[in-house]
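**Student:** Quick note, the sequences are listed as chains P and U, same order. Anchor point for the first sequence: position 160 equals 160 in my numbering, and the numbering is continuous, going up by one each time. Anchor point for the second sequence: position 485 equals 485 in my numbering, and the numbering is continuous, going up by one each time.
You can trust all of the hints, since none of them are fake.
Below, computed lysine-lysine pairings styled on DSSO-like, alpha-carbon distance capped at 27 angstroms: (1) U:Lys484 with U:Lys445; (2) P:Lys138 with U:Lys345; (3) U:Lys50 with U:Lys14; (4) U:Lys345 with U:Lys356; (5) P:Lys129 with U:Lys345; (6) P:Lys460 with P:Lys340.
It should be emphasised that the hints constitute simulated quantities derived from the structure, not laboratory data.
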Amino acid sequence: MRYVPTIGLEIHSQLATKTKIFCGCSTEFGSEPNTHSCPVCLGMPGVLPVLNRQAIELAMRMGLLTGGNIQRMSYFARKNYFYPDLPKGYQISMFELPLIRGGHLDLRTSTGEKTIRFNRIHLEEDAGKLIHIEGDTKSYFDVNRCGVPLIEIVTEPDFETTEEITLFLNTLKEMLIFSGVSLGNMEQGNIRVDANISIRPVGQKKLGTRTEIKNMNSFVNAAIAINAEIERQTDIVEQGGSIVQETLLFDAAHKTLAAMRSKEEAHDYRYFPEPDLVPVFVDDEWIGRVRSELPEMRDQMRRRFETVYQIPAYDAEILTTSPEIACYYEETIKAGADPKKASNWIMGEVLRVLNETQLPLGEFKIKPPMLAGLLSMVEKGTISGSMAKTVFDEMRATGKDPKAIVGEQGLTQISDKDALEKIAREVISSSPDEVAKYKAGKTQVLGFFVGQVMKATGGKANPGEVNAIIREILS
Amino acid sequence: MELFELRARELAKKIRTGEVSSVEATEAVLRRIEQLEPIINAYITVIADKALDRARSLDDKRARGEDTGPLGGVPMAIKDSIIVAGTRTTAGSHILENYIPPYNAHVIDKLLDAGAVFVGKSNTDEFTMGSTCETSYFGTARNPHNIDRVTGGSSGGSAAALAAHECIAALGSDTGGSIRQPASFCGVVGIKPTYGRVSRFGLIAYASSLDQIGPMTKSVEDSALVLSVIAGHDRRDSTSLDEPVPDYIAETDAGVKGLRVGLPREYFGEGLDPEVLKVTLEAVDILKSEGIEIVDISLPHTEYAVPTYYLLATAEASANLERYDGVRYGHRSGDAENLYEMYSKSRSEGFGIEVKRRIMLGTYCLSAGYYDAYYRKAQKVRRLIKEDFDHAFGTVDAILAPVCPTTAFPVGSKINDPLQMYLADIYTISLNLAGLPGITVPAGKARDGLPVGVQFMGRILDESTLFRIARVLERNVGYLNVEKGAV
Ligand SMILES: [Zn+2]
Chain P
1 MRYVPTIGLE
11 IHSQLATKTK
21 IFCGCSTEFG
31 SEPNTHSCPV
41 CLGMPGVLPV
51 LNRQAIELAM
61 RMGLLTGGNI
71 QRMSYFARKN
81 YFYPDLPKGY
91 QISMFELPLI
101 RGGHLDLRTS
111 TGEKTIRFNR
121 IHLEEDAGKL
131 IHIEGDTKSY
141 FDVNRCGVPL
151 IEIVTEPDFE
161 TTEEITLFLN
171 TLKEMLIFSG
181 VSLGNMEQGN
191 IRVDANISIR
201 PVGQKKLGTR
211 TEIKNMNSFV
221 NAAIAINAEI
231 ERQTDIVEQG
241 GSIVQETLLF
251 DAAHKTLAAM
261 RSKEEAHDYR
271 YFPEPDLVPV
281 FVDDEWIGRV
291 RSELPEMRDQ
301 MRRRFETVYQ
311 IPAYDAEILT
321 TSPEIACYYE
331 ETIKAGADPK
341 KASNWIMGEV
351 LRVLNETQLP
361 LGEFKIKPPM
371 LAGLLSMVEK
381 GTISGSMAKT
391 VFDEMRATGK
401 DPKAIVGEQG
411 LTQISDKDAL
421 EKIAREVISS
431 SPDEVAKYKA
441 GKTQVLGFFV
451 GQVMKATGGK
461 ANPGEVNAII
471 REILS
Chain U
1 MELFELRARE
11 LAKKIRTGEV
21 SSVEATEAVL
31 RRIEQLEPII
41 NAYITVIADK
51 ALDRARSLDD
61 KRARGEDTGP
71 LGGVPMAIKD
81 SIIVAGTRTT
91 AGSHILENYI
101 PPYNAHVIDK
111 LLDAGAVFVG
121 KSNTDEFTMG
131 STCETSYFGT
141 ARNPHNIDRV
151 TGGSSGGSAA
161 ALAAHECIAA
171 LGSDTGGSIR
181 QPASFCGVVG
191 IKPTYGRVSR
201 FGLIAYASSL
211 DQIGPMTKSV
221 EDSALVLSVI
231 AGHDRRDSTS
241 LDEPVPDYIA
251 ETDAGVKGLR
261 VGLPREYFGE
271 GLDPEVLKVT
281 LEAVDILKSE
291 GIEIVDISLP
301 HTEYAVPTYY
311 LLATAEASAN
321 LERYDGVRYG
331 HRSGDAENLY
341 EMYSKSRSEG
351 FGIEVKRRIM
361 LGTYCLSAGY
371 YDAYYRKAQK
381 VRRLIKEDFD
391 HAFGTVDAIL
401 APVCPTTAFP
411 VGSKINDPLQ
421 MYLADIYTIS
431 LNLAGLPGIT
441 VPAGKARDGL
451 PVGVQFMGRI
461 LDESTLFRIA
471 RVLERNVGYL
481 NVEKGAV
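Isolated chain P (complex conformation) (with noise of 0.2 angstroms):
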């Protein structure tokens, strides 16, 4: 018999406010631990959240972009449960009326055209973390991801493959950067998956019992973890067997699912509406300022550089890849750079020493005026081609503006052509030899001339003039 598998997933997405949910505290990743706290999000008594209105925004850009359906009133409700890493005892978090209903995303798979239906988008609060020391008895815990915002995306259980799946996340990864809702940085936690599964025979209607597979913290292990569970339920169920209603999760180092125990999943959440928070109340008005502050996404933008830049559409692929980079390529060009002449050079020298050195685009020394400067001084002849690469690489050591670098290493380019034609002179006079070879029409040995002239002016001299006056010279 064969079996048609059936999954949904539900994504948490880190949203990419400035401080969190419900106090001023900063979200910035990787802080000392402890150094984000005050008593709204250690829980301390008499405290009380006020709702950051950014984190309602960014969630609300999510449902426009997927044909939500935003409600015009929702709140929040205490899900009731004790872990050392929830300081109130309970998480905020939207249960019986969430801000978003339905909406949906279109795949294009290898298959054809795919749809998959959205549940829900509702908000949350993250808990904070422990840290265990090896060799140490003793838990530590970080109140710095306490309270930090995220939305939880739920889907219909639409999915029937893993291509899906990965096709889905890719998507939906790029959907929540280019719209600013998520950085979307997986190995800082801003985006987590958990999965429902479940099999049924080819056929039949009712879907069979599922298992939820918790925290899967890359797409690869999504879809490994995924395969390894339609395998596990397929063979179960082949050999007679019935699927027990559980909660797994994937060990990523031994690609295994290993049960959850049944203690820490029997959990009656008591969920009840957040009495310390008024509903969240969206009129039309609100919806109409956020869908037009709405950024562009990644199609569109790339349709826009191919036409009005008038770069090729694989230059447009990858300048896009980033709305840092898209946006870095446009500064660049309202700095008065050539269109194509900075796709090159962004594709070529900006990402391969952003590649190299892991460095994100805001620490990047070279501002996108400086690369624009650089750019304007090769097309005026005052640097050559070569000499701006070493002015490229000098840039990004020091931050220097391009024309400071080039007056004060004297590497304007000699393009006086008197000047040029004395040394040219020179050159040939002092090498009677190759004049000969020349003469006899070895014309290969005009390379040797113009590197010889090159060489006597340390690389200044302007090699297309140098070329021009040795030809006439030897006329």
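We have chain P; now place chain U with the ligand onto it with these hints.
**Tutor:** Structure of chain U with the ligand alone, referenced to chain P:
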């Protein structure tokens, strides 16, 4: 008249004019505390040194010709469920016995701006759960009118401190009557403002949707004064109302002629002590003689208020008290073998019986399978109770009712009978469910010499009308001083 007997407004005036200093007033109150605390137990923590330092700096400020605010130099008691930075705040619980918070409640910041001096943290039922101030881990507060009687709960410490002149003004908090009922038992004025009128930021939560901080004072005018200081919007409390604060003091003396006051017939039935009824009806006569029209009204869902309250309040409490888990602050059990034991032992040792009872009740009514039958149904009844009031306020400007079916009961008489104790809140609870303001003002004494207050309930944000009516009653009744020799 002794300095500690003064009312806040008079004392502030005397300090402002230089007739007395804040240090003198504070010392007088502190001496009174020293003398009476062994009997009354109105305070959990007295902060004499801090209070005197503060009084001194306010006196200096005044000496430099600077304005020290409307409460400049006035010694106050703060219920121990309200957070004062750097001062032990216990909420009457063992679990917070050594908790020193790093921040101020919003109302504390406001009072400091207004020049108040805090002499101590007043006694409260543990986590404000109780109607007698007997569930405090720090012992029962005694009623200064008769020390064998309870003060009422849970702001009993503040009420007792006022009645015994161990402070000039105080703050309480009211979840189901916990300002109004002890005010009635101790013969002082207590107002529960409209829900959201005063920020809850820094009030240790019992039931978030019902809790409200309010002034407790020796006079109606003082009540208006303190409320005008602490009322107003606070961006740290999203349930706080962004509405202008009226000039309560000016409005207090606006008179009452032509006002219509309703008597809800459900509040005058079975169970109401004849002595309490008698004093209440005398108050009605006074109002009539002042030109108020008395109207018979009905609040038909009153009988459901107590069960509705105990479902909703305990549900919220069960969540609000989850943070006391021994992980970050407060009591942590010393002999836990693992995480689960750390939670369960810390909480078992840290919480008292009444708190545990309410956590269990709340947990039960929220749990899967019972939510619809209890929590959701209670929410629906809450709406009906609100509608009762909306309907009534279509015809009347305020509602007059008894505060409690009896006068202050003997210490120990109800503590082992929780259902009896819960019924003590029968006349006060509906107002919290509806989020409306209510004031208790002394109306007279019963034959046993114990004070009886009456309460006026008002429209949303209409504290002014309550002050007007209460002021008229107060002028006729006078202040219910503790008899000489009672303490
Ligand atoms: Zn914080």
